[in-house]
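Undergrad: Sequence:
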Amino acid sequence: MRRSFLLWFGLLSAIVLGGCKCGGSGGCDESRPGESGGCCRPDGCNDGFSCVETSCRPCGAAGAGCCYTPTSMHGVCDSGLRCVSPAMGPEVCQACGMPGGPCCDGSGSPMCGAGMACIGDVCQPSSGLCPAGSARFPVGITDPNGCGLRVISVDTDTFEHAVQCASTMLAAGEAVYSDAPGTLQDYSLCVHTRMEGARNASVRAFDDHGARTCGCMGVILGCTVDYTACPGT
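According to our numbering, the sequence shown is numbered sequentially starting from 1.
Do not take every clue at face value.
Distance ranges between label pairs, derived from CB positions [claimed, not checked]:
(1) Arg194 - Pro231: 32 to 38 Å
(2) Pro33 - Asp179: 39 to 45 Å
(3) Phe159 - Pro42: 41 to 47 Å
(4) Gly197 - Ala132: 26 to 32 Å
What the hints contain is simulated information worked out from the structure, not anything from laboratory work. Note that the Cβ used here is the ideal one computed from N, Cα and C, for glycine as well.
Please put together the full structure from these sequences, using the hints given.
TA: Here you go:
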């Protein structure tokens, strides 16, 4: 009995003296919060890392996971990459804008390469789809809740024709933002609902109204927003 106790005591002492840093609930390193392999902080992780379970993991690069903050609703990747959801497995950052690949979703940048158009969220040849013109118009695309998804650049003669052209390039559930040329904006909101009280939300939209419907997830009745972070957060 005494021998067993001494063996267990020796093993425990070796772990403590060896500096075990795996005290996080998910095996993360508590001595490096916010860093790669470190435990997630309440506000997330350092730039370039995202909280996965309890650990900060590299994100944003090709083949890596999408970057998120505790209040973000959309995954973010490095320039030239798109956050996509494969049929199985977690979301990853994938090259975009290439023929046959997913459209990019930056803030006003071309969604596809030259001679390509975003049709059903896939980059495809644009010839014959729209009347050619000498001007380039950015047209915003939204989801059913008014959240900004991406901007399609259309070369035609008027903004009205650009909107008509963009309407032929939508995936199911998407809509064209036709009020003005599309410029995606980032909003930090404080959303108030009867069920949840107040919560922070980070959304992308083309105007204040779209930000409100996006933050309220399409349920306007009983939902209001302040266009700033919630007090005390």
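Undergrad: Determine for every hint whether it applies to the structure shown.
TA: Hint check results:
1. Arg194 - Pro231: 32 to 38 Å: violated (19 Å)
2. Pro33 - Asp179: 39 to 45 Å: At roughly 43 Å between Cβ atoms, aspartate 179 and proline 33 fall inside 39 to 45 Å, so the hint holds.
3. Phe159 - Pro42: 41 to 47 Å: The hint (41 to 47 Å, Cβ to Cβ) holds, given that phenylalanine 159 and proline 42 are roughly 44 Å apart.
4. Gly197 - Ala132: 26 to 32 Å: violated (53 Å)
Violation of the numbered hints given earlier is confined to hints 1 and 4; the remaining hints are satisfied by the structure.
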